[in-house]
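Novice: Protein chains in written order, with our numbering: chain A, 1 to 201; chain B, 202 to 312; chain C, 313 to 758; chain D, 759 to 1623.
Please keep in mind that the hints were generated in silico from the structure rather than gathered at the bench.
These numbers were taken from a predicted model, which means no experiment stands behind them.
We put the beta carbon where it would ideally sit given N, CA and C, even for glycine.
A hint or two may mislead.
Some chain A residues judged to face chain B by a derived CB distance under 7 Å, without partners named [to be verified]:
hint : residue
1    : Val25
2    : Val59
3    : Tyr67
4    : Gln96
5    : Ala186
Residues from chain C that keep clear of chain A, each with C-beta distances beyond 10 Å, as calculated [what the hints assert, rightly or not]:
hint : residue
6    : Gln355
7    : Leu369
8    : Val644
To spell it out: a stretch of chain A is covered by chain B in this simulated footprint if at least three of its residues, at any positions, have a beta carbon under 8 Å from a beta carbon of chain B; those stretches are [claimed, not checked]:
hint : region
9    : 9-23
10   : 32-42
11   : 102-110
12   : 115-127
13   : 169-183
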Amino acid sequence: MLLAAINWHSFFFLFFALLACGFAVGVLVSTNIVRMAFYLVMSLSATAGLFFLAGAEFVGAMQLMIYVGGTMVLLIFGVMLTARERFIDMQTPGGQWVLAAAAGGLFFFILVVNAFQVPDWSTPNPHQDQLSIAESKTTTQIGAAFVGVRLDRPEADNATQRAGMSGYLLPFEIVSVHLLVVLIGAAYLARAKRRVDQPGS
Amino acid sequence: MNLLTDPITVSHYMVVGAVLFVVGLVCMGTKRNALGVLMGIELVLNGANINFIAFGSKYLRAETLGLDGQLIALFVIVLAAAEAAVALAIALNFYNNHSTIDVDRADDLKG
Amino acid sequence: MGKAINQLLEAGYHWLAAWFVENPQALFPESCWSGYVLAALIQCALLLNVVAVGALLFIWMERKISGRIQDRLGPTRVGGRFGWLQTLADGLKLIAKEDLIPQDADAFLFRLAPYLGFAASFMALLALPFSNGWVGWEVNVSLFFILAVMGLEVFSPILAGYASGSKWALFGAIREAAQVVSYEVPMGMCVVVPVVLCGSMNLLTIGNAQAGLFTNWYIFHDPFTFCIFWIYFTCAIASVNRAPFDLAEAESELVAGFHTEYSGLRWSFFFMAEYGSMFAVSGLAAILFFGGWHGPFPIFYGLGVSGGDFGWWPMQLANAAGCVNFILKAVVGVTVMMWVRWTLPRLRIDQVITTCLKYCTPLAAGLFLGAVILKAVHFPSINDLAPAVRPGEVRESWVLLEAPAPVVEKGPVEKEHAQSEHARNLPPIVSEKQLAASPQTEGGSL
Amino acid sequence: MADYLLPRLLGLAVLTPLVSFFAILLFGTLMGKRGVAGGVCATAAILTSAVLSFSAFGVWITTHPPVPVAHHGEHETGEHQTGEHQTGEHGEASHGHAETAHDEVAHGEAGHADAAHTETHGDGDSASHAATPHYTGEIYLLGKFGDLRLTISYYIDALTICMFCMVTLIATCIHFYAQGYMQDELVDDYVDHEATLDDGSHVHRPGRYHRFFQYLSLFCFSMLGLVYAGNIVMVFVFWELVGICSYFLIGFYIERQSASTAANKAFIVNRVGDFGMIIGLMVIWTGLGTFSFGDVPLFDDNGIALVDEHGEQLEQPGIFTQVRTAVAHHTPDGIIKAASPNETAALVAVAGPDVSRAELSQLIDEQVPQWRAEKDENGVPRGYWLMIVGGVGIFCGCVGKSAQFPLHTWLPDAMEGPTPVSALVHSATMVAAGVYLVGRFYPFFVPEVLLVIACTGVFTLFMAATIAITATDIKRVLAYSTISQLGYMMLALGVGGWLAGMMHLITHAFFKSLLFMCSGSVIHAVHTNEMTEMGGLRKKMPYTAYTMLVGCLAIIGAGVPFLIGFSGYYSKDAILEQSLSLMQTPGNPGWTQIFFLAAAGGAAITAFYMFRLWYLTFAGEPRNQERYDHAHESPKVMYAPLIVLAVFAAGVAWHLPFPGSDSPSLANVNLTNLLEQARPLETLSDAPGQLIAMTWPAEHKSHASGIVVQATMVAFATAMGGLLLATVFYCWRKLNPEDVRNQFAWVYRFLLHKWWFDELYNFLFERPVHFVAALASAIDRKVFDRLIDGTASVVKAFAKWFEFVADQKIVDGAVNGFANRVYASGLWLKNVQRGNLREYVLFIMIGAAVIYMLMSFFGGGAIAG
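Start from the sequences and build out the full structure, keeping to the hints where you can.
Specialist: Given below as structure tokens:
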């Protein structure tokens, strides 16, 4: 029975992967900027599904929250603010399409060939059956890694590495500061320009 | 190989990532709308993220990147958000200055 | 006979419980595909009912409450004296109405927008536990997940507003977007406080950490949590776009805001999404601050339905009671939202944003800091003065105990249960260390 | 301890003003309004120096307690006793040497050898005086040229200590004083009423308060460095530094024609003297092979001490070791060798090329005693002329710096500088540097040189004193007085009175700075230098008037004979005693009494003009009522230093027990005994001249009671006579100066024109120089310029042609051609950089793909996995 043989993990992977790829292609082919944004939201959400499927539930939630939520709202803001009839559809010359498609195809070919070149990558995890998605509890570990403690790598012999080097405290801090700077910078860049009234005009 | 019955592997994820990546690249290469280019960038980053997650997933490989994959993906997400904010601000500024967001017309510095 | 029925019920329960609580693959080998499908369908039906029937009920409630507040009667005719079926009648009417799409509209997005909102609202309920273990998808970061998908809800008004091709709709959409995105910030800060106190983002864990007497509820944990609940509730009202923050559909200015051009069933989907979201944020408040499915007094504990060593049906009975408990708390929250809506006038957009950025955000940040400091210095909370019972030992109870609940040492089973979550992923050395510092095991002293 | 402390204390004292100088130089404009804090900075620096100097003084007197020297004939009668004293002193000296870890044994041996040598001369008087206590050492080696070491080194003995204390004390007082005096520079717009522009308006300029103190600090550094210096080159360097400071300070009001001229004059005149000094330096180097005062321990290139066969540290003997021997004017070996080039060449020729350098030098050394015994046809020992040339050369420098005839003309003109400068630089310290150097180099001067010095000094003192009589500018009176007093010092040194000269140097510094500062106070009050417009000011300015009275009394050497007196009493009497001693030495020609008579006459004239000055300024009735009405006592910051200096001017030479000390060894601390510790050994014995039939008596002989009584009475009488005459003329007004002036009109004119020295120099030097210059200029313009112009025209024409061929065609062609190619390729490449974002993306994609392929092909497929 076909259905009985279905590997549900693979099934959902296929589902989300098709969604992600399909909507990504939708982004590519659509000329309406708002629709592109919508397709992108769907693609990113499907990617989040892929993340959940791969056991990275925290990253998936993060993807939904920040990427899909935050970024896309920002993007849609931009879309709406700059969307006028004449800007929504901007035709690209056919030659460039062909060129881009050729280069992209070449790239895609390289990547796909590469993906199947290493046997280890194409071999499923032999213990996959014994693992459950519901068991993926990496949130605590990620949180600990952010404050510099690697719970998942306790076997590291080097005490120094275990103590500090293996954690992600410094990158976390850097990214935090970076975000702050970016927020201020973006607010500054996008601030409303005050028009100076010409005297007498 | 039956996609529905065989367990999936890292390679499958990589193919999805490749699709997103290449679509993003082509998107960047063909969209004249600055926001379209921005969306292409998001797709590219997402495609890369999929690879990180896949290599860090213990469901797909016995020997994985472990947490590092997820952490890097997280950083990519956060930085992508930051990048989107700045890029959007730039796009708005560009729009304010040029009354268009056509990147083909952003050639003031053309030699 | 009774025994047979009992066995039958047990079998049926196992079949269901496997989907709600346990790993489905453990009960159902991969060959049993029908289990997946059936369980998924049942879950969908139940959750849909929360949204759809809930919306039906809430709309009726709102009419009655607004009527009472405005010294009217509200619906009185359809379905009897209290107008029970007024909403159903309206729904039928809406289904029957012609589905209009304006000429300037982007038809695809115009059609899509209501479903998107509904789907987001529905997805939020997917990870929302209704009782201990009664959750559509037990995900480790359920709180985070719910916040994330409720953030996606904003796409619905935006797309709707844009696709309508109407300036009123667009204005409403923009307002909605600005407002919701802004309020996500203080709201995020508020919900992090229970997470910090409990040490988990899993709503089940958070809920169970508040078991026992109502003093265990996080709202009574310390002054900071008490204050921060009100900020959370304010932000919740704003984020679900309810009055006095309903700028997106301000009738006096924007006709009807983002759904000006909608009619019929599509229009009703917006409302279903809205009421679903109201229920979701209220349920979240109940879990985060009001002990979730735990009653104010641990009655089932007194009945001996304690720990994990009792039979399946008393446990599920307790869970069912907890579910009722939870729904009641959530409905109270929704009712308060309605009460607020019909009491307070609508704010201006600048006031809305000011409230968020100048009041809610700094306050939430300060209170968050205070709560974290209290937690860090192990400041004794009110619960420590009268520790009713340890978390996770009591399900629910409606009957007051005759004697105060004794503080029971944790049985080996619970200990194992508590440890299992970590022990599976952690090697022994670290797991011990981690357990020693684990907030969940410390929760016993709360 | 002392060998550790003294160089550091004094070195710090030297450097502190330098720090202040740089601080004000760099941050002067930031120091408060118009740099007002610059004054504080400089004052604090010099105060620190003073504290350090007096600390060094304390260290010195505790490690080297002065012993009383024989007085007034005791020397002759109690020779044995004195010898014991000197032995004790010698013991102290050896002790000090042991601490300095330098030259004790070698020096001691040299001393013994010299002592043995001395006996052959039949003069065993000073056999036990092997050395004076001192500390010497090198701080930094600047360069090494063969045996010659150019170093930064120090030489510290009692004279150094005295000079340090004197300089820093006076400088401190003057710094404080200057803070008050220079107040009017503290404005943004200073109007210089004495500097007039072409259009008749006055010069407006920003105040230069901090600049003034900057120069003062630099000057203090230079002066202290000069005293601190341990070798003659370092002395010369600081000598020039002092000169340049003087230049800056005289030209402080640079906008005034007179000030800038005076500054130039001072500098150029000093250069003339320095020229002679450089000759002296050459002689020293040639003859002695070293510039260092003290002995220098020798090290090899690796810094390991060189030792002789006995394991003793080898040392390069310093100048003093070579010349400051117990034998009077014992010509050093090096001088003899330098004076024997022919003999040396003959020795070298005889020895042949195989003889090593060391052996050769040993050969020469063996010949030295023989050469030393030789005399030329005039009966002059070998090398003696070299000594005379060297000594006169060094003295030339001193003549310039100390404003002796004939280079004295710059000093009166230098009064153009602000009065504190005159007080510090041109009376107390810088001009004393010449005298100091003569004292320092005293053993180097053979009797014939001393005669030159004495003649110069005596002429200078008399000439300057006479000029001072007629001067009406209060500062010029003091300036000529300074020249005169410097002449006294030179005279004292020239007649063999080392102690007298040095002592007068110290005492004069105090009272002359006091007098100058008082005059500055007066000028500050009445805004004029002319004494004819003053009078009666003592009522208005009591502090100034009476401190100046103290100064006048000190300079004339007032005192109760044989009992007590102002400081000048002691030093001037000592000078007279020594000149009398020289006069009375048997065998000396009769004209040597000119020294005594001129000195005595000079003392009378000094008393006259000093009190003329005081009376004209402070006594009598105001001659200019308007200026009198505006006069006022100076602020406290100005008259407080006057009081301090007055105390010192009065009592610096007193033989008081050292205050606060119960130690009997410190009871003898006074100026005389201190200076006595630094006395060059040869002054303890008679010095016969070789070219002239004269003998310079040992200084102790002047303490014979006959000489002392005679000299003291003469000094007292002349001083009182001069004082009385001045009182008659200007106080009681019994005689009218006008009558005298008319009576001796030509003398008056002669004196008024300062003996026509300026005119003489103008005629002798300036006119010929101008004529030669005009001639040279004409030749330059007519001949050389035309030649050069013609050449230039030819070259220009060629260059024009060549430019066309080489530059435009070849070079420009190549460069332009290359540039065109580059430009064209740039234009072509521009097509790539079109500003099209999407194309860039495509480039990136294609580039990445290409790189990947290249790496897959050539990288061994290592890219994946």
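Novice: So, for every hint listed, does it hold in this structure?
Specialist: Status of the hints after comparison with the structure:
1. Val25: Nearest chain B Cβ about 6 Å off; hint holds.
2. Val59: 5 Å, holds
3. Tyr67: 5 Å, holds
4. Gln96: 6 Å, holds
5. Ala186: 4 Å, holds
6. Gln355: 15 Å, holds
7. Leu369: 29 Å, holds
8. Val644: 28 Å, holds
9. 9-23: Since three or more residues must qualify, the claim that chain B covers the region 9-23 of chain A holds, with 8 doing so at under 8 Å.
10. 32-42: holds (count 4)
11. 102-110: Holds: 5 residues of the region 102-110 of chain A have a Cβ under 8 Å from chain B.
12. 115-127: holds (count 10)
13. 169-183: holds (count 6)
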